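Asks: Residue-level listing of the chains:
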Amino acid sequence: DAMVIQNPRYQVTQFGKPVTLSCSQTLNHNVMYWYQQKSSQAPKLLFHYYDKDFNNEADTPDNFQSRRPNTSFCFLDIRSPGLGDAAMYLCATSRDSGSWGEQYFGPGTRLTVT
Amino acid sequence: SQQGEEDPQALSIQEGENATMNCSYKTSINNLQWYRQNSGRGLVHLILIRSNEREKHSGRLRVTLDTSKKSSSLLITASRAADTASYFCATDAGGNEKLTFGTGTRLTIIP
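Chains as they are written, first to last, in my numbering: chain A, 1 to 114; chain E, 1 to 111.
Derived by calculation from the structure, the hints in this document are not laboratory data.
These figures come from a predicted structure and were not determined experimentally.
It is possible that part of the hints are untrue.
[As the list claims (entries may be wrong)] Below, in silico cross-link-like pairs of lysine-lysine (PhoX-like), each with a Cα-Cα straight-line distance of 25 angstroms or less:
no. : chain 1 : residue 1 : chain 2 : residue 2
1   : A       : LYS38     : E       : LYS26
2   : E       : LYS70     : A       : LYS44
3   : E       : LYS26     : A       : LYS44
4   : E       : LYS70     : E       : LYS26
Let's have the full structure, built from the sequences with the hints guiding it.
Replies: Given below as structure tokens:
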């Protein structure tokens, strides 16, 4: 089945130790998104790619970086995780901006920072 | 500031009853979407309603949109235990590929 896959589902990292979360999609969608969601809060958009064009949200910390080497894969790099970065990280895709359509979400990666 | 805010924050009802959740937003939109999130999982798209539509149905779901009041409601009829989840509205203010999510309603269905 076409889907959005996130690995790992659970990630534990140490304070200050770089960590990479991965997302892949078999939907061949143009747009890929990374959201941060803390407990009982709404998902907060960190950045998104429209094809290879990277779009950073103004309030996304510099500590968060992203790479999209091809249509299928997108990575979230946290260079120096702090305790406040513990959250669920959600990857999503959508076809393109013109349709303003639905987003397809992966199951999320829950990040713990010790 | 957040585009969508939902009301109530939490709702508990008996199985079989109807559940209604409301969403308010601040600026003009092209469409409004509703998503469900089971605990610890990703979001699942439920329904999309465009700004020129007033009501939309999908199975046991009914969504209304009042652009003059900048509000939407999601009605789940004949609720089931499996409907227990958080429900988020999301709007595309700005007319681009981004969505802004509301604060969510946590729905609990009591068997």
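Asks: Are the Cα atoms of E/LYS70 and A/LYS44 separated by 25 angstroms or less?
Replies: holds, 21 angstroms
Asks: When you check the alpha-carbon spacing of E/LYS26 and A/LYS44, does it fall within 25 angstroms?
Replies: holds, 17 angstroms
Asks: Would the pair E/LYS70 and E/LYS26 pass a check requiring their Cα atoms to be no farther apart than 25 angstroms?
Replies: holds, 7 angstroms
Asks: Straight-line Cα separation of A/LYS38 and E/LYS26 no greater than 25 angstroms?
Replies: holds, 23 angstroms
Comparing the model with each numbered hint stated earlier shows that all of them hold.
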